[in-house]
Structures are given as structure tokens and as C-alpha cells.
Amino acid sequence: MTIREVMKLVDGEVLVGADRLDTPVDTACGSDLMSDVLAFVKDKTVLITGLINPHVVRTSEMLDITCIVFSRGKKPSEEILEMADEIGITVLSSPLTTYTACGELYLHGLPGTKPKKTAPEGA
Amino acid sequence: MAVILEKNFPVEAGAFTTAGEASTTIKRTLKQLGVNAEVLRHVSVACYEVELNLVIHSLGGTLTLLVDPEKVTLISKDVGPGIPDIDMAMTEGFSTASDEARTLGFGAGMGLPNMKRNATEFDIQSEVGVGTTITMSFALT
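Chains as they are written, first to last, in the numbering used here: chain A, 187 to 309; chain B, 3 to 143.
For reference, chain A alone in the conformation it holds in the complex:
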């Protein structure tokens, strides 16, 4: 799947990275917990999140995440967008909730990232 197809499926608005829409993505991860994202994401991944702060972009940079979808119509600050653009991360804003955005992508063949190990009780 390409970021362009992701954009269509989540009814996304491109906030930065309009020139990178043909980049391929292999997996997706939906989470507001960056600790979890850091624990199991691999490259060519789309991150769907409702969390808006610079650490979403920093976490994505560390993991080579290529596309971030902010759910429920959320739009981060210009500063955050510039940070993402500089690194080469495409940022979309989707009117869908995180659950529905993930569901649409999964339904159309984009699998989830597999955790190396299941989190223990209480984590």
C-alpha cells in the first residue's frame, strides 16, 4: 500500500509531505502510548494516533516511521509539522477516530506490527 492509498482510506488531509505520497508502507500501528510504539514498530510503518506533541514525531524519527495519521481531525502545531517535514515524515489528519481509521486500513490489507513479546498484566 502507498501513503496515497492510506490517505484515501482514512479520508485524510495532507498536512506535510504531499510530494511523498507514493512512498510504500507495509504495516501500521495505532497507539497513544509512545512507550508501546517504541517497543514493537518496524520500518515502513504508519502510526495512527490521537496524541499531539513533539514526542510523537521524535518517536517516529527514531523508528523510521514514514507516515503519521492524527485521528479525530486533530492537527499539530506548525512547529511539530516543520519537524516532521524536515525528517521526511508525511503527516495526515483524518476525521475518523483512531479505532475506525485503523479498522479501515486493516480491512483493506494493511497488517499490524507484531509485538516481539506480549506485554505482561498491568502494563
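Just so you know, the hints here were simulated from the structure itself, not pulled from any lab data.
Predicted model only: the values in this text are computed from it and were never measured.
Treat the hints loosely; a few may be bogus.
Here chain A is said to cover these stretches of chain B; the calculated rule only asks that three of the stretch's residues, wherever they fall, bring their Cβ under 8 Å from a Cβ of chain A [to be verified]:
#1 21-29
#2 74-84
List of simulated lysine-lysine pairs, BS3-like, C-alpha gap at most 30 Å [as the list claims (entries may be wrong)]:
#3 A:Lys260 / A:Lys230
#4 B:Lys79 / A:Lys194
#5 A:Lys300 / A:Lys228
#6 A:Lys260 / A:Lys300
#7 B:Lys9 / A:Lys228
#8 B:Lys33 / A:Lys300
#9 B:Lys73 / A:Lys300
#10 B:Lys73 / A:Lys228
#11 A:Lys261 / A:Lys194
#12 A:Lys230 / A:Lys261
Glycine included, C-beta positions come from ideal geometry on N, C-alpha and C.
Chain A is fixed; fit chain B onto it per the hints.
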């Protein structure tokens, strides 16, 4: 083994806004040195986790990057407060993080175990009232 590169990054306690800047610089530096993408991702994740730990839990410290032809080494050394029970701290899900850290999406008690998982070699030494030193190495070959 001859050290190719050594860099120190001071990390301030509680500096949530700038947290991650050292990791960003380290990742870019290693990329320029031609470290392969897979190794680079392991180093980056562990580095970001350890830098966040310095910001969230320590009273301040320094992150040191060492590169030699065989491995990348990261050393995190802080000035306290020290970890009373390392086994407990290494348990997934155990966390003493503040609400501020949790609001940012961290503090799930995954940091130390995730560092250990990503590093080729992982060592943690801590003394209450003195500080904590974490040494991680990542094989390049």
C-alpha cells in the same frame, strides 16, 4: 579497539521540551557514519528510551556515544537519585514515572526492558543517593 568517535551530551532533568534532541543528533551522526538501518534503529530506540529516562527519572546526567569499528556504545550516567530495586525496575509494566511523563505518552514501564531487548549487551549499575549508569553496546557486524 580504537575509538573512532566520542561525543558527550548533557541531559537536563525534567526538560521535557528538549527531550530526544540528543538521540536525534546521535541518530543523524551514526547515519552519516554509514551504520546500517537495522542497527541504527536498535541504537536509536534504546538511546531515546535512555534519554527519556534521564529526563523523567534522574536529577540530570550525561549521555556518551562511543563508536569503534566493531560496535556502537551508549553510556548513560546520572547524578541520582539511584534505583532502590533494579530487578523491579527491569520488570515490564513497573513504572514510577510522573503524570507529566504519562501525558506525553511515556512511563508505561517499558523503557529498561526495551533497552535490554535492543542492545547486544546491556549493563545497569545503580546506587541510591549516588546515581545510575547504564552501558549498552550494539554490534556493527
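Now the hints, each set against the structure:
Counting residues of the region 21-29 of chain B whose CB falls under 8 Å from any CB of chain A gives 5; the rule of at least 3 is met. Taking a C-beta to C-beta cut-off of 8 Å, the region 74-84 of chain B contributes 0 residues in contact with chain A, too few for the three needed, and the coverage statement is violated. About 23 Å separates the Cα atoms of Lys260 (chain A) and Lys230 (chain A), which keeps this hinted pair within 30 Å; it holds. About 47 Å separates the Cα atoms of Lys79 (chain B) and Lys194 (chain A), which puts this hinted pair outside 30 Å; it is violated.
Between Lys300 (chain A) and Lys228 (chain A), the direct Cα distance comes to roughly 9 Å. Compliance with the 30 Å bound is thereby established for this hinted pair. Between Lys260 (chain A) and Lys300 (chain A) the alpha-carbon distance is near 26 Å, which keeps this suggested pair within the 30 Å criterion. Of the pairs offered as hints, the one joining Lys9 (chain B) and Lys228 (chain A) holds, with about 27 Å between alpha carbons and a cut-off of 30 Å not exceeded. As the CA atoms of Lys33 (chain B) and Lys300 (chain A) are separated by approximately 26 Å, the hinted pair is consistent with the 30 Å bound.
The suggested pairing of Lys73 (chain B) with Lys300 (chain A) holds, with an alpha-carbon distance near 27 Å, which does not exceed 30 Å. Proximity of Lys73 (chain B) to Lys228 (chain A) is assessed by CA-CA distance (about 22 Å); at most 30 Å being required, the pair is judged to hold. For the hint linking Lys261 (chain A) to Lys194 (chain A), the alpha-carbon distance of about 18 Å falls within 30 Å, and the restraint holds. Note on Lys230 (chain A) and Lys261 (chain A): the hinted pairing holds, with a Cα-Cα distance of about 22 Å set against a maximum of 30 Å.
The structure shown violates the earlier hints numbered 2 and 4.
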